[in-house]
Amino acid sequence: MTLVADGTAAPQRTRRKALSDRAFAWILIAPAVLFIVAIVAWPLVETIRLSFTNASLAGEDYVGLANYEKLFQGGKFTEIIVRTFVWMFFSVSLKLILGLIGASLLMAAVPGQALFRILIMPPWVIPIAMGCLGWLWLFNGDFGIISGVAQAIGLTDGPFAFLAYRNSAFWAAIVTDAWVGTPMVTLFFLAAMQGVSRDLYEAAWVDGASRWYRFRRITIPQIMPVIVSMALMSAIWTFNSFEIIWILTQGGPRGGTTTMIIDTYKVAIANLQFGEGAARAVIIVIMLALFSLLYLWVLGRVNRKYGVK
Amino acid sequence: MMDRYTLWQRIGIYAGIGVFLTFILLPFFEMFMTSLKPLNHIFRSPYQFWSDDFSFDAYTRMWERVPNLGRYIWNSIFIATSVTILAMIVIVPAAYAYARLDFPFKTQSLGLFLSVNMFAGAVLLIPLYKLMRQLGLLNTYWAMIIPGVAFLIPTGIWLLRGYFEKIPKEMEEAAYMDGASRLYTLRRVILPLAGPGLVVVATTVFITAYAQQYLFAVTFNSDGKLHPLPVGLLQFIGYQNVEWNMMMAAALTGITPVLLVFLFLQRYLVAGLTAGAVKE
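Chains A and B, in that order, are what the protein sequence lines are. Counting from 1, one number per residue, gives the positions in the first sequence under the UniProt record's numbering. Counting from 1, one number per residue, gives the positions in the second sequence under the UniProt record's numbering.
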């Protein structure tokens with residue numbers, strides 16, 4: 001800043017820049033704000049408003065809390081909520097376990113490591129719907145390879161159509177959702193594991209600690225913040241997951257795979273009952289907001305506990 | 001050394017990786033095998049692991065037998081590309097503002113942006129449907145492009161901001177000293193330096209846009225000619241006489257472009273995406 005001493009141009013420019021800083025920033029983020037307001041914020045407000053009406057293609061009238069009251073009558077909706085959380089719990093757990101195992105395996109310094117790390121990514125790269133097409137086929141009783149193998153080794157007598165029964169369809173959807181999410185989780189765990197200081201491992205190794213001990217006492221605590229954040233993020237993804245179930249089963253058989261998102265879609269878009277659908281959407285939004293608060297709270301605690309700023 | 005494995009450990013690691021990759025790649029394997037089987041073999045019972053007359057017939061015949069296939073693939077690429085261009089136009093200036101400028105409600109507004117990530121399109125479909133109808137955008141490409149852009153903006157801003165922050169501030173200061181305007185500095189100093197970051201963010205946006213074009217297409221579009229690949233292909237499932245081998249061949253062909261993009265850029269992508277996960 002030696003120029004400032006003898007010239008007048010520099011300070012003037014700096015002052016003009018400081019003055020317009022704020023205005024310039026607003027101009028730069030305006031398009032983003034516009035998009036979000038039009039596609040997310042306004043629809044959110046509108047959804048809340050619609051949830052108090054009986055809106056359909058025919059028109060709308062204010063009905064107060066009627067949609068919400070109707071929802072909680074008969075216990076069917078409660079069943080869907082419970083199912084959603086069960087589906088979320090198992091799918092997220094599966095992703096985390098597979099992610100941890102996968103990342104640990106891919107950390108092992110063996111020939112082919114680089115190739116293996118690329119080969120885990122396709123489920124994330126390709127359209128989710130195309131992956132589901134593959135699973136749709138895998139789960140088929142007559143010509144799917146899973147049923148084929150099960151028959152060959154005598155697990156089942158004849159063809160078993162996984163998507164035709166409530167229980168097996170539910171588990172099939174969990175496996176598929178875990179398959180879609182596992183690459184991302186693995187990738188993040190892998191990155192976090194690579195960030196752990198080698199000195200820690202070497203010190204433990206010198207002390208004669210076994211691999212398992214090092215994994216449990218060094219790796220896990222060191223990457224804990226990433227584990228927690230992936231757990232909550234995949235909880236949100238899984239909660240919002242629509243395509244997978246819709247393509248595999250459309251929520252069937254007999255509602256066996258109907259999660260809250262699927263239920264909302266069926267009511268709002270398939271049956272065009274906008275008002276009742278909106279009430280369901282509002283409940284989803286409330287739950288998502290609670291997740292996010294939980295996320296921030298837990299993450300703050302974990303970061304403090306494990307000494308991450 | 002610490003990294004040395006015994007023979008059994010080595011076998012264990014490879015076996016583990018083998019099982020893991022089998023799970024990850026099984027659907028692709030199944031789709032590929034099915035695409036090679038002649039139609040009457042697919043329905044053969046009991047299940048047959050191996051046919052003796054595998055052929056690539058489906059890959060040539062699908063272009064005539066699956067109507068609009070070329071069109072679907074083109075639509076998918078077109079929609080994803082449009083989403084990427086539009087999103088980047090919005091993301092770049094905003095990311096720059098968050099990386100470099102001071103303005104009121106900076107952290108709060110960034111937090112609000114990121115909170116968009118917790119919503120999926122499915123929750124907001126009702127008003128979006130009405131909005132698209134009012135704007136007359138139902139059954140046009142726009143109905144599949146615009147919502148897609150909005151949901152990709154927050155993550156894009158977040159990722160790109162990280163790259164902008166890494167550029168030394170002195171570069172800008174020097175440009176201002178020489179009398180360059182703000183826009184000139186952004187265009188000629190910042191953007192070239194952020195090149196790798198721009199590639200990572202644009203590719204991430206493209207891949208996500210390519211991967212997630214089902215919901216909006218299936219809801220906002222009923223014009224068969226405009227469908228992206230996933231919707232176009234999957235609507236055949238309900239029909240009689242589906243030629244499954246061709247569907248699988250078509251699906252595999254349709255995912256090739258995005259797999260290629262990923263293969264070429266995977267090194268940068270993986271590092272860029274996980275940059276936030278590793279605290280240095």
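The reader is advised that the hints may include incorrect statements.
To be verified - Calculated pairs, DSBU-like style, for lysine-lysine (alpha carbon to alpha carbon, straight line, at most 35 Å):
1) B/Lys225 - A/Lys266
2) B/Lys130 - A/Lys70
3) B/Lys130 - B/Lys166
4) B/Lys130 - A/Lys266
To be verified - Counterexamples of contact, computed for chain B against chain A with all Cβ distances above 12 Å:
5) Arg4
6) Glu30
7) Phe56
8) Arg65
9) Arg100
10) Phe151
11) Leu198
12) Asp223
What the hints contain is simulated information worked out from the structure, not anything from laboratory work. All C-beta atoms, glycine included, are put in the ideal place defined by N, C-alpha and C.
Beyond 12 Å from every chain A Cβ - status for glutamate 30 of chain B: violated (5 Å)
Distance restraint between lysine 130 of chain B and lysine 166 of chain B, which requires alpha-carbon spacing of 35 Å or less: violated (42 Å)
Assertion that arginine 100 of chain B lies farther than 12 Å from chain A (Cβ): violated (9 Å)
Consistency of the no-contact label for arginine 65 of chain B, given chain A and a CB cut of 12 Å: Correct as stated: the minimum Cβ-Cβ distance to chain A is 17 Å, above 12 Å.
Consistency of the no-contact label for leucine 198 of chain B, given chain A and a CB cut of 12 Å: With a cut-off of 12 Å, leucine 198 of chain B remains clear of chain A, as the shortest Cβ separation is near 16 Å.
Outside-interface status for aspartate 223 of chain B - nearest CB in chain A farther than 12 Å: holds (17 Å)
12 Å Cβ clearance of phenylalanine 151 of chain B from chain A: Label violated. Min Cβ-Cβ 7 Å, cutoff 12 Å.
Proposed proximity, lysine 266 of chain A with lysine 225 of chain B (alpha carbon, max 35 Å): Distance of about 25 Å is within 35 Å: holds.
Distal placement of arginine 4 of chain B relative to chain A, Cβ over 12 Å: violated (9 Å)
Consistency of the no-contact label for phenylalanine 56 of chain B, given chain A and a CB cut of 12 Å: Non-interface label stands for phenylalanine 56 of chain B: nearest chain A Cβ at 19 Å, farther than 12 Å.
Hinted pair lysine 130 of chain B and lysine 70 of chain A, Cα distance within 35 Å: Answer holds: lysine 130 of chain B to lysine 70 of chain A is near 24 Å, not above 35 Å.
Straight-line alpha-carbon gap lysine 130 of chain B to lysine 266 of chain A, limit 35 Å: holds (17 Å)
Taken one by one, the earlier hints fail for this structure at numbers 3, 5, 6, 9 and 10, listed in ascending order.
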